[in-house]
Amino acid sequence: MLKSALRPYVIMNMAMSADGKISTHRREQITLGSKNDRYMMDVLRSRVDAVIIGAGTLRVDGHPLIIRDPKIRRLREKRRLTLHPVNVLLSRSLGIPIRRPFFKHPDTQKILYTTKTARENERKRFAKYAEVIVLPRRGSFLGRVLEDLHGRGFERILVEGGGALNFSFFKGGYVNEIYLTVTPRIIGGAHAPTVVDGAGFLKAFHPTLALISAKKVGQEVFLRYRVRNN
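Per numbering that gives the first Met the number 0, numbering through the sequence shown is continuous, rising by one, with the last residue being 229.
Mixed in with the good hints there might be a few duds.
Once the Cα atoms are required to be at most 30 Å apart in a straight line, the calculated DSS-like pairs of lysine-lysine come out as [what the hints assert, rightly or not]:
#  : residue 1 : residue 2
1  : Lys70     : Lys34
2  : Lys127    : Lys34
3  : Lys109    : Lys34
4  : Lys214    : Lys34
5  : Lys214    : Lys70
6  : Lys70     : Lys202
7  : Lys115    : Lys127
8  : Lys103    : Lys123
9  : Lys115    : Lys103
10 : Lys77     : Lys214
11 : Lys77     : Lys115
12 : Lys127    : Lys109
13 : Lys202    : Lys34
14 : Lys103    : Lys77
15 : Lys70     : Lys103
16 : Lys70     : Lys115
17 : Lys109    : Lys123
18 : Lys214    : Lys170
19 : Lys77     : Lys123
20 : Lys170    : Lys115
21 : Lys70     : Lys123
22 : Lys127    : Lys103
23 : Lys170    : Lys109
Computed beta-carbon distance windows for the label pairs [to be verified]:
#  : residue 1 : residue 2 : range
24 : Ala17     : Phe200    : 32 to 40 Å
25 : His190    : Tyr38     : 30 to 38 Å
26 : Ile185    : Arg118    : 37 to 45 Å
27 : Val133    : Arg98     : 29 to 37 Å
No lab work stands behind these hints: they were computed from the structure. All residues carry an ideal CB built from backbone N, CA and C; glycine is no exception.
Put together the whole structure using the sequences plus the hints.
Listed below in structure tokens is the structure:
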């Protein structure tokens, strides 16, 4: 694990159903949160230098990671920050669709981290739309990503899934805070993705959280936790 001084402060933000799911077992694009949740997402995005997603989220959603509320954008501009946070995508093999709005938005800076597993012709193809950074296959992929972002002067980043990427961030001990929006839905399904998927943790060790705040707005509950054993 990288020392905290060598990486940005990492915040995670996810909306989930009341039973902890973030999509259906078919991995369908689904909007779980209300306008209040989308407002909170804009607020969190406005406070960070970059937003990170994984390949699975790009496949399902594919939208640019932007701040939609004009008032929040203006506040960000007053702080002399870019209009939107830098959009960061992680894909070790580049087995991802290139025809997604994520790559087409004119007002976002895009960084794509991959490895030498990705074919050179694919790297060149994606380089037309994003800055492509090729990392070694060995060692901590996420650790190297965070180290590079830190070297660019990024102090705070936001992770927005999916579940497999979130697990990797927790496994590496990189998460400082997590925001969860609990929405009034039940999705179910043994194979439906959750906030944190991956191999899972064991009884001997799993991340624990300290509740910072809990707020009910309409039919949703907004939770904020600090990760205790980071």
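To see whether the hints hold, each was checked on the structure:
For a cut-off of 30 Å, the pair hint linking lysine 70 to lysine 34 stands: about 15 Å separates their Cα positions. Taken as a hint, the lysine 127 and lysine 34 pair is broken in the structure, with Cα atoms around 34 Å apart against an allowance of 30 Å. Taking the CA atoms of lysine 109 and lysine 34, the gap is about 26 Å. The hint holds against a cut of 30 Å. In summary, the hint linking lysine 214 to lysine 34 is supported, as the alpha carbons are separated by about 15 Å, within the 30 Å threshold.
Between lysine 214 and lysine 70 the alpha-carbon distance is near 23 Å, which keeps this suggested pair within the 30 Å criterion. Between lysine 70 and lysine 202, the direct Cα distance comes to roughly 45 Å. Violation of the 30 Å bound is thereby established for this hinted pair. Distance check on the hinted pair: lysine 115 and lysine 127 sit about 18 Å apart at the alpha-carbon level, within 30 Å; holds. Of the pairs offered as hints, the one joining lysine 103 and lysine 123 holds, with about 16 Å between alpha carbons and a cut-off of 30 Å not exceeded.
This hinted pair checks out: lysine 115 and lysine 103 have alpha carbons roughly 25 Å apart, not beyond 30 Å. As the CA atoms of lysine 77 and lysine 214 are separated by approximately 28 Å, the hinted pair is consistent with the 30 Å bound. About 40 Å separates the Cα atoms of lysine 77 and lysine 115, which puts this hinted pair outside 30 Å; it is violated. With a CA separation close to 11 Å, the supplied pair lysine 127 and lysine 109 stays within the 30 Å bound.
Among the hinted pairs, lysine 202 with lysine 34 is inconsistent with the structure: their alpha-carbon atoms are about 37 Å apart, more than 30 Å. Restraint check: the Cα-Cα separation between lysine 103 and lysine 77 comes to about 26 Å, which is no more than 30 Å; the hinted pair holds. For the hint pairing lysine 70 with lysine 103, the CA-to-CA distance comes to about 24 Å; that is within 30 Å, so the pair holds. Under the criterion of a C-alpha separation no larger than 30 Å, the hint pairing lysine 70 with lysine 115 is inconsistent with the structure, at around 41 Å.
A C-alpha spacing of about 15 Å is found between lysine 109 and lysine 123, which places the hinted pair at or below 30 Å, so the restraint holds. Only pairs whose Cα atoms come within 30 Å are accepted, and lysine 214 paired with lysine 170 is accepted, the gap being roughly 28 Å. Taking the CA atoms of lysine 77 and lysine 123, the gap is about 36 Å. The hint is violated against a cut of 30 Å. A hinted pair counts as satisfied when its Cα atoms are at most 30 Å apart, and lysine 170 with lysine 115 qualifies at roughly 23 Å.
Only pairs whose Cα atoms come within 30 Å are accepted, and lysine 70 paired with lysine 123 is rejected, the gap being roughly 37 Å. Of the supplied pair hints, the one linking lysine 127 and lysine 103 holds, its CA atoms being roughly 10 Å apart against a limit of 30 Å. For the given pair, lysine 170 sits about 26 Å from lysine 109 by alpha-carbon distance, which is consistent with the 30 Å threshold. Range check, alanine 17 to phenylalanine 200: about 22 Å between beta-carbon atoms, so the 32 to 40 Å window is missed.
Range check, histidine 190 to tyrosine 38: about 31 Å between beta-carbon atoms, so the 30 to 38 Å window is met. A beta carbon spacing of about 42 Å between isoleucine 185 and arginine 118 agrees with the range 37 to 45 Å that was offered as a hint. Hint check: valine 133 to arginine 98, Cβ distance near 22 Å, so the stated range 29 to 37 Å is violated.
When the structure is compared with the earlier hints, violations turn up for hints 2, 6, 11, 13, 16, 19, 21, 24 and 27 and for no others.
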